[in-house]
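J.: Listed below, chain by chain, are the residues.
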Amino acid sequence: MNPEIGHYALVLSLAVAILMTVIPIWGARAGDAALMKVGTTLALVLAGFVGLSFATLVVAYVQSDFSVLNVVENSHSAKPLLYRITGTWGNHEGSMLLWVLVLAIFAALVALFGNNLPARLKANVLGVQGSVATAFLLFILLTSNPFTRVIPPPAEGQDLNPILQDIGLAIHPPLLYLGYVGFSITFAFAVAALIEGRIDATWARWVRPWALTAWAFLTLGIAMGSYWAYYELGWGGWWFWDPVENASLMPWFAGTALIHSAVVMEKRDALKVWTVLLAILAFSLSLLGTFLVRSGVLTSVHAFATDPSRGVFILAILVFFIGGSLALYALRAPMLRQGGLFAPVSREGALVLNNLLLTAAAAAVLVGTLYPLALEALDGSKITVGPPYFNLTVGALMLPVAFAMPFGPLLAWKRGDLIGASQRLMAAFGAGIVIAALAAYAQGGGPVLAPFGMGLAAFVVIGAVAEVIERAGFGRVPRATAFARLRGLPRAVFGGALAHAGVGVCLFGIIAETSWNAERIAGVKVGGSFEVGGYELTLDRLEPRNGPNYRDLVGVFSVRRGGVEHGTIESAKRLFTARNMPTTESGIRTMGFSQLYVSLGDELPGGGVGVRAYWKPFVTLIWIGSIIMALGGALSLSDRRLRVGAPKPAKKPKVKPDPASPVPAE
Amino acid sequence: MRAGFAFLLLTLALAVTPAAAVQPDEVLPDPAQEARARELSKELRCMVCQNQSIDDSDAPLARDLRLLVRERIQDGDSDREVMDYLVARYGEFVLLRPTWHGANAILWLAPFAVLVFGGIGLFVAYRRRAAQAGSADAPAVAPLSPEEEARLRVALGGTASPEGPADVTKL
Chain A
1 MNPEIGHYAL
11 VLSLAVAILM
21 TVIPIWGARA
31 GDAALMKVGT
41 TLALVLAGFV
51 GLSFATLVVA
61 YVQSDFSVLN
71 VVENSHSAKP
81 LLYRITGTWG
91 NHEGSMLLWV
101 LVLAIFAALV
111 ALFGNNLPAR
121 LKANVLGVQG
131 SVATAFLLFI
141 LLTSNPFTRV
151 IPPPAEGQDL
161 NPILQDIGLA
171 IHPPLLYLGY
181 VGFSITFAFA
191 VAALIEGRID
201 ATWARWVRPW
211 ALTAWAFLTL
221 GIAMGSYWAY
231 YELGWGGWWF
241 WDPVENASLM
251 PWFAGTALIH
261 SAVVMEKRDA
271 LKVWTVLLAI
281 LAFSLSLLGT
291 FLVRSGVLTS
301 VHAFATDPSR
311 GVFILAILVF
321 FIGGSLALYA
331 LRAPMLRQGG
341 LFAPVSREGA
351 LVLNNLLLTA
361 AAAAVLVGTL
371 YPLALEALDG
381 SKITVGPPYF
391 NLTVGALMLP
401 VAFAMPFGPL
411 LAWKRGDLIG
421 ASQRLMAAFG
431 AGIVIAALAA
441 YAQGGGPVLA
451 PFGMGLAAFV
461 VIGAVAEVIE
471 RAGFGRVPRA
481 TAFARLRGLP
491 RAVFGGALAH
501 AGVGVCLFGI
511 IAETSWNAER
521 IAGVKVGGSF
531 EVGGYELTLD
541 RLEPRNGPNY
551 RDLVGVFSVR
561 RGGVEHGTIE
571 SAKRLFTARN
581 MPTTESGIRT
591 MGFSQLYVSL
601 GDELPGGGVG
611 VRAYWKPFVT
621 LIWIGSIIMA
631 LGGALSLSDR
641 RLRVGAPKPA
651 KKPKVKPDPA
661 SPVPAE
Chain B
1001 MRAGFAFLLL
1011 TLALAVTPAA
1021 AVQPDEVLPD
1031 PAQEARAREL
1041 SKELRCMVCQ
1051 NQSIDDSDAP
1061 LARDLRLLVR
1071 ERIQDGDSDR
1081 EVMDYLVARY
1091 GEFVLLRPTW
1101 HGANAILWLA
1111 PFAVLVFGGI
1121 GLFVAYRRRA
1131 AQAGSADAPA
1141 VAPLSPEEEA
1151 RLRVALGGTA
1161 SPEGPADVTK
1171 L
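Protein chains in written order, with this note's numbering: chain A, 1 to 666; chain B, 1001 to 1171.
Check each hint, because a few of them may be wrong.
As the list claims (entries may be wrong) - Sample of chain A residues facing chain B (criterion: CB under 10 Å; computed from the structure): (1) Y227; (2) Y231; (3) L341; (4) N355; (5) A362; (6) V365; (7) A377; (8) K382; (9) P388; (10) V394; (11) L399; (12) A402; (13) G430; (14) I433.
Worth flagging that the hints you see were computed from the coordinates, not collected in a lab.
The beta carbon of each residue, even a glycine, is placed where N, CA and C say it ideally should be.
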């Protein structure tokens, strides 16, 4: 396909996006139903054009069309097909195009499935989404055109950064973008509501599915990015507080707060003003992240393209959308009527506490990321804010979140019974103590953090189970009734409990890995062995191997524990010939939830090779827990009440919630 | 017995854990000193790298710094003295954990300020709204407007007029 088709489609997309910004909003103001409806068509057309443009770029990559500058700079004809495809977004221009594609897809989804939305709200939402698309399409066309040609075309491309030549590039960026561009929809809903100056509990019902979708994808995207970094970078870390990780974590915190406060808004008509602000913040932080990464203001491992003019452009976009939406918020928020009252100890109160702590965590990440910049701009002094800062502040804020988490769902709306909730959590608390004691026993002294953290994690997991059991009424009503009730519970209850359990599982992995990991570095000759975490690793052989566009030096290790064979691990040092750049292909063997991790270093002068080996107990739980969280989100999403476009429930319980009822009836 | 074994493993692991990017030839003979060097390395930035500690980095400068840290430790410096020496030489930029003094207090306190002021704000808002509503125990319910009352009567099967046959109160 001709790259000009892609370029032309992109220009057409811009035209469509401008129309989409203007016409539906105008229609909404004028009360013209026909104009408002145009938004739906335009959103679909926009997705079509951006999709065509993106497809054209993918084709240029697959065919190794070296007349396109972007392909020359980031591809190589010897690259395997998968990496030629994923290479499309493994660079600045392509990743921005993917960004806009995801944005357009979300707008199209609203257009398609938003039939139950009031026409005016839908028109405004699409209009806002169109304005974001306009800004980013302008950005691409003016500063980051992926379709620029080179004449004459070189015979061969410069290849993709070897670190990116991995299956991770196929998974991580699309998931991540589905997450934080997904928050553009909640942003659009918030701004649309502010434009109208009207917002009610049904608004929250419409926003929740989108917020949940974005959040689930963002959770997965961050987790996959973490696992990718873990096995690819070769030093066994899974979280680096890299500015780009921070950029994705900030919207995650804001989004997590949002999906919780939206529940309060839907069920109790309270926290409206706050929910709208969170919807704005979640996307603003996504935009800020885009700015930080793409402008090169902060250097990080993700800065594959940095260019000041782009930075200024994105800064302008940032100021317009964040400033504009917050100004609109300041103007309109006082007009929004506040809803239901609640006592401090109540489900709402617990969710407010969760929101407060998550917001403070987002603030910690934000301040930590931006403070060095601000300080340097102010007095020229350079300081570094590194992992110790983030671990301390975010850790301190997340521990109370984890501790409070099992209590929240057990409190009644409006006025909860903390003592009652504590009694119902006794079993979970007991389980936490037992796990902590076991951990302390296994550890046999040393830091108290590990037993404490593991106990807390167990408390969170069992607490989530306890919630479901409690709601079904096991122990209070006959077992058959309880089972019947269990089946009748809304899926959102299971989804919430599952997500909470996921947090506990993830926490367990984090604590176990950080407290109990073992590392070993050694120079090993063929036939030599060393010990790590109780396993004996023997370097059986070192052999060169050739790949399509790289050469490997593979070390094959056999693993033994107490004389028993535990298979082999292959770890490689890979040299990409096009860029003459080495990467480590760490060898990982998963045993239960733990992993043995072997990373090959340089060949040593006296023969043999440098080896770094790690024993990482329960490390996989970090990602398994994250996946469980995302699954919880998906399960909640399948709740019929939340399904996008789902008809209203046949019968709506009109019974007034009884504040004294020990079990909140969701 | 098992605890003993686990403890043994742990001590073994701790004793022989040099750093990630540390080459075998850098490791100090004294395990206690090596452990200290490693902890310090995690707090020091590799200044030519992007967001890596010298403990993680393969860069030559990181290696130089690692060797320097070990040299100072072998010369009998305390952890504090080693850090002070490096800060004097390279500036605070080298520290991954920002210091507390001066403007950096803002950095450290900001998240907790959000927490505290957010909490105070919420409390004040809660008190004000509770006061408005009379008391928090009895959330105010706005009285129905005449139109709403009419709709309610219709919904309950009566007529829109208040004098209609289906009296709401009878239901």
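J.: Does each hint fit the structure? Answer for all of them.
T.: Here's how the hints hold up against the structure:
{"no.": "1", "hint": "Y227", "result": "violated, 18 Å"}
{"no.": "2", "hint": "Y231", "result": "violated, 14 Å"}
{"no.": "3", "hint": "L341", "result": "holds, 4 Å"}
{"no.": "4", "hint": "N355", "result": "holds, 9 Å"}
{"no.": "5", "hint": "A362", "result": "holds, 9 Å"}
{"no.": "6", "hint": "V365", "result": "holds, 9 Å"}
{"no.": "7", "hint": "A377", "result": "violated, 12 Å"}
{"no.": "8", "hint": "K382", "result": "holds, 4 Å"}
{"no.": "9", "hint": "P388", "result": "holds, 4 Å"}
{"no.": "10", "hint": "V394", "result": "holds, 8 Å"}
{"no.": "11", "hint": "L399", "result": "violated, 13 Å"}
{"no.": "12", "hint": "A402", "result": "violated, 16 Å"}
{"no.": "13", "hint": "G430", "result": "violated, 22 Å"}
{"no.": "14", "hint": "I433", "result": "violated, 18 Å"}
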